[in-house]
Amino acid sequence: MNATEEKSAAATAVTPTAGSRTDSVVLENVSKHYGSVYALDAVSLTVGDGEFVTLLGPSGSGKTTCLQIMAGIAKPDDGAIRIAGRDVRRVPMHKRNIGMVFQNYALFPNMTVAQNVLYPLRMRGWSKTDSLDAMREALRLVRLADFEGRKPDQLSGGQQQRVALARAIVFKPSVLLLDEPLSALDRLLREEMQLELRRVHELTGMATVCVTHDRTEALTMSDRVVLLNKGRIVQEGSPRDMYDRSGSLFAAQFLGEVNRLRMTLGGAPGAKTLTDERGRVIPDVLLATPVRDGEVDVAIRVENVHLLPLEGSALAAPGSWEGTVESAVFLGDGDRYVVDCGGTALVARSPRGSGTSGLGPGDRVQVRFARDDVMVFEKEDAA
Amino acid sequence: MTAAAVRGDVSTTRSRRRIRFSSGSAGLALPALLFLAIFAIYPLVTFAIGSVWVRGAFTWVNYTQLFTSTYFGGVLLRTILTALTVMAVCVAIGYPLAYFLNRVPGRAKVILIALVVLPYLTSVLVRVFAWSALLGLRGPINTVLVALGIFDQPQQLGHSFAGALIGLVHVLTPIAVLTMWATMSRIERGHEVTAGALGASPVRVFATIFLPLSMPGVIAAALLVYVLAIGAYVIPVALGATNGLLFAQVVADQATVTLNWGLAGSMTVAMLIVSLLPLLLVRLVQAIAGRRRNPYPLRNRLATRSVYPAFELVPTPVWTWLFRVVAVLVLAFLVIPEIVVIIFSFGPFNSLSIPPDYWSVEGYQRFFADDRWTEPMGRSFAFAAADGVIALVLGGLAAYGLARSSGRVFAIGLAILAFPLALPEVVPALSFYVFANTFHLAGTSVAVIIGQAVTAIGLAAVISSTVIRNIPVNLEYASQMSGASKTKTLLRIVAPLALPGLIVAGLYAFLNAFDNLVLPLFVSGVNSTVPVKMFFSMQDQLNSVIAVVATLLIGLLLAATAIAVLLMSRATARIDVADVAKG
Chain A
1 MNATEEKSAA ATAVTPTAGS RTDSVVLENV SKHYGSVYAL DAVSLTVGDG
51 EFVTLLGPSG SGKTTCLQIM AGIAKPDDGA IRIAGRDVRR VPMHKRNIGM
101 VFQNYALFPN MTVAQNVLYP LRMRGWSKTD SLDAMREALR LVRLADFEGR
151 KPDQLSGGQQ QRVALARAIV FKPSVLLLDE PLSALDRLLR EEMQLELRRV
201 HELTGMATVC VTHDRTEALT MSDRVVLLNK GRIVQEGSPR DMYDRSGSLF
251 AAQFLGEVNR LRMTLGGAPG AKTLTDERGR VIPDVLLATP VRDGEVDVAI
301 RVENVHLLPL EGSALAAPGS WEGTVESAVF LGDGDRYVVD CGGTALVARS
351 PRGSGTSGLG PGDRVQVRFA RDDVMVFEKE DAA
Chain B
1 MTAAAVRGDV STTRSRRRIR FSSGSAGLAL PALLFLAIFA IYPLVTFAIG
51 SVWVRGAFTW VNYTQLFTST YFGGVLLRTI LTALTVMAVC VAIGYPLAYF
101 LNRVPGRAKV ILIALVVLPY LTSVLVRVFA WSALLGLRGP INTVLVALGI
151 FDQPQQLGHS FAGALIGLVH VLTPIAVLTM WATMSRIERG HEVTAGALGA
201 SPVRVFATIF LPLSMPGVIA AALLVYVLAI GAYVIPVALG ATNGLLFAQV
251 VADQATVTLN WGLAGSMTVA MLIVSLLPLL LVRLVQAIAG RRRNPYPLRN
301 RLATRSVYPA FELVPTPVWT WLFRVVAVLV LAFLVIPEIV VIIFSFGPFN
351 SLSIPPDYWS VEGYQRFFAD DRWTEPMGRS FAFAAADGVI ALVLGGLAAY
401 GLARSSGRVF AIGLAILAFP LALPEVVPAL SFYVFANTFH LAGTSVAVII
451 GQAVTAIGLA AVISSTVIRN IPVNLEYASQ MSGASKTKTL LRIVAPLALP
501 GLIVAGLYAF LNAFDNLVLP LFVSGVNSTV PVKMFFSMQD QLNSVIAVVA
551 TLLIGLLLAA TAIAVLLMSR ATARIDVADV AKG
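Taken in order, these protein sequences are the chains called A and B. Sequential numbering of the first sequence, starting at 1, is according to my numbering. Sequential numbering of the second sequence, starting at 1, is according to my numbering.
Keep in mind the hints are simulated off the structure, nothing from the lab. Since the model is a prediction, treat every value here as computed from it, not as a measurement.
To give an idea of the chain B side of the interface with chain A (calculated C-beta under 10 Å), a few residues:
hint: 1; residue: PRO472
hint: 2; residue: ASN474
hint: 3; residue: ALA478
hint: 4; residue: SER479
hint: 5; residue: GLY483
hint: 6; residue: ALA484
hint: 7; residue: ILE493
Ideal placement from N, C-alpha and C gives every residue a C-beta, glycine not left out.
My request is simple: use the sequences and hints to build the entire structure.
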């Protein structure tokens with residue numbers, strides 16, 4: 001504890017700049033371009049002590065460049081970067097005190113598991129007994145205590161991943177960087193490792209920055225999600241906030257499957273109504289942020305489209321839409337429907353036991369949306 | 001935690017005098033490039049300039065002399081025709097073998113590739129010797145031909161145009177095969193399976209899918225064979241007829257006998273231009289085709305419209321067997337001379353026949369008792385060892401620097417390093433000969449070592465670069481993030497992983513220098529090496545001592561290859577044979 005305090009005190013003394021003294025990583029207006037293409041365009045980002053932050057975005061969004069700049073693999077053209085309060089722009093990567101797990105693990109193939117994990121400690125000149133203790137503890141943490149003597153090529157992908165993680169955290173770095181850590185694993189293993197990474201993070205309390213293009217990964221593991229697109233931060237927040245209150249159509253679409261509708265917003269403040277070109281309405285919409293009246297983009301998550309079978313010639317309740325099931329696909333834990341609402345196709349996902357399981361193509365249904373599930377955005381020309 | 005924090009601070013204070021590799025790792029290629037600039041490029045450029053700059057004044061006299069002489073023109077024309085013939089034959093007989101290599105599964109493939117690679121790596125002299133003996137007046141081929149009643153009496157096969165052709169084809173076919181195979185091995189099997197599933201017959205699949213996709217390899221092989229055939233020196237001297245001289249012989253005569261360096265320079269320039277013409281032609285066609293947005297003009301036109309109907313007239317099994325039979329025959333053609341040489345070495349001293357009149361080790365006894373052989377052997381080992389080390393250090397550094405640079409820098413850098421390997425063999429040798437004489441180095445050991453290093457460096461760089469490219473750069477980042485400096489990372493991570501491959505690179509650089517004939521032939525003087533001694537002995541008399549030397553050379557190659565295979569079977573960073581063949 002003493003050491004931590006001393007260190008941060010020293011750091012603040014050296015660089016008396018903005019940002020809390022407990023922030024692990026701070027990027028300020030960082031830009032990086034390759035040729036005429038901006039990989040990062042004045043990005044500012046702060047990772048608090050012990051925080052798990054995920055940089056999410058499509059390929060080319062700048063998320064990997066961001067990580068490379070933190071690691072020292074790439075140099076920013078402009079902007080400031082601090083790790084544990086220290087300005088690291090001119091610090092080479094071996095002195096930045098960061099741990100990193102690479103996409104393909106980058107285990108040293110000529111060394112055993114134990115030697116791989118001991119390597120950073122040897123490079124730091126730790127004593128033999130300290131090193132062995134730390135190595136054993138790290139391997140215990142990733143549940144590989146019995147694998148010390150194995151070579152990397154004798155391990156499964158998931159095990160290699162765990163060794164890479166142990167090697168990255170064994171020397172207690174200021175920050176742990178994860179570069180698409182799960183992309184080389186198959187789906188089942190990936191889901192297991194998501195929880196595993198989260199567990200290790202909770203046990204170590206180490207600030208972690210993860211880069212991924214997989215929204216499930218981002219939503220499952222992070223304290224905070226930073227969504228990037230075209231070299232800029234689009235939105236950041238807790239996974240729940242980002243999912244439920246996406247700030248843009250792009251964010252809404254990137255974080256989950258949505259139905260996108262073009263509608264017109266109108267009505268008195270507090271009682272806003274959406275109307276589509278056929279005159280159908282979604283009344284009494286709850287707006288997360290103020291949106292100007294007129295043509296708008298509406299996004300409704302597929303699991304928020306609720307279906308109710310319509311018997312015989314019954315009519316849809318007021319405020320609900322009427323439609324015909326076009327196709328139904330069984331997903332195991334639920335069903336996925338495409339419903340034709342008079343020219344507008346809506347996708348709906350119903351969990352098992354929600355009363356829709358008997359529906360098939362040709363069945364008439366009533367379609368309902370909850371008022372706070374409807375996300376409304378100013379019209380975007382290009383999606 | 002405390003310990004880590006404190007040590008972290010200590011290391012920060014030491015950081016000032018660290019060698020910076022960082023992003024400019026291509027700088028590691030500088031020593032090799034500098035070496036090449038001084039000992040290959042500068043000699044070549046001054047040699048070429050010497051052809052237009054006589055006694056301090058610019059003149060075209062050497063070129064007018066060259067182009068007005070019907071003699072030189074005639075030789076040049078004959079050389080071009082010979083090169084074109086050799087090119088056509090090598091590609092035609094090489095294609096089925098390359099195809100066969102590509103199709104044979106598993107272990108058999110490794111053995112077959114070894115059977116192509118071994119002749120490829122065997123000293124040209126060994127092969128020349130084998131053919132001289134085989135084609136000699138009292139040699140096995142004449143014996144068979146006479147016995148079969150095809151000829152009444154033995155024919156002059158050895159020193160004839162046919163002899164030179166056979167020798168050239170034998171030496172250049174492995175190169176053609178390996179180049180084409182390198183391209184074929186990258187053609188995805190899925191394309192053919194798809195075409196087959198869509199209803200194309202196997203012959204049609206071959207004609208419309210495989211053949212067009214393998215065309216780049218065929219063109220590369222043809223160009224390479226042509227260039228090497230244009231500059232061939234050893235084979236026409238040893239196997240050709242005196243009235244059928246090829247251009248390289250005439251150039252060498254001008255430079256080393258007549259000592260007319262200006263004229264030799266103009267002839268070298270002419271030879272380079274002639275050898276590069278087809279390459280320029282291909283590029284031109286590609287450029288024109290590219291503008292018409294049809295990148296593969298030959299492919300589409302030739303293959304899909306006119307060739308396959310003709311192919312389909314012959315049933316598929318016939319094609320399959322034709323390919324296999326040709327492949328096996330070509331393989332036999334490549335390998336048999338090596339075996340013949342070994343048999344000769346155990347025969348009587350003065351009579352080379354198959355089977356030998358009697359078995360003996362007379363040749364071996366004479367070889368080891370004769371210091372006219374053992375001395376050059378010792379020198380060859382010493383020179384080649386020096387070259388191996390130079391090549392490994394300079395080539396290895398360059399390979400690392402280039403492999404860690406951008407793709408374009410890598411390609412350009414490696415091309416510059418490897419260019420002496422792709423020149424007609426007399427060109428670097430003659431320009432270095434003139435260079436060595438100008439600086440009074442000719443005849444010294446140093447001259448031989450430096451001259452041989454020029455090609456050895458390129459070879460070592462090409463092999464090492466495929467090794468280093470197999471070491472993911474992320475391993476280096478992982479090491480650095482673990483706290484190891486760039487230098488420590490190189491020593492602790494890169495070096496151990498690359499070591500087996502680097503040893504192999506050094507080994508083949510050694511062999512390349514050991515087998516070098518043309519350069520020491522011009523430059524070595526009294527410091528003659530084994531190949532030089534062998535070359536002169538062969539012109540004197542064919543006996544079993546030469547067969548013994550040839551056998552020892554084959555043994556050396558086999559030993560080196562065995563070590564290489566052993567090293568590679570345990571290595572993490574492997575050498576991609578296809579990569580090397582292409583390079």
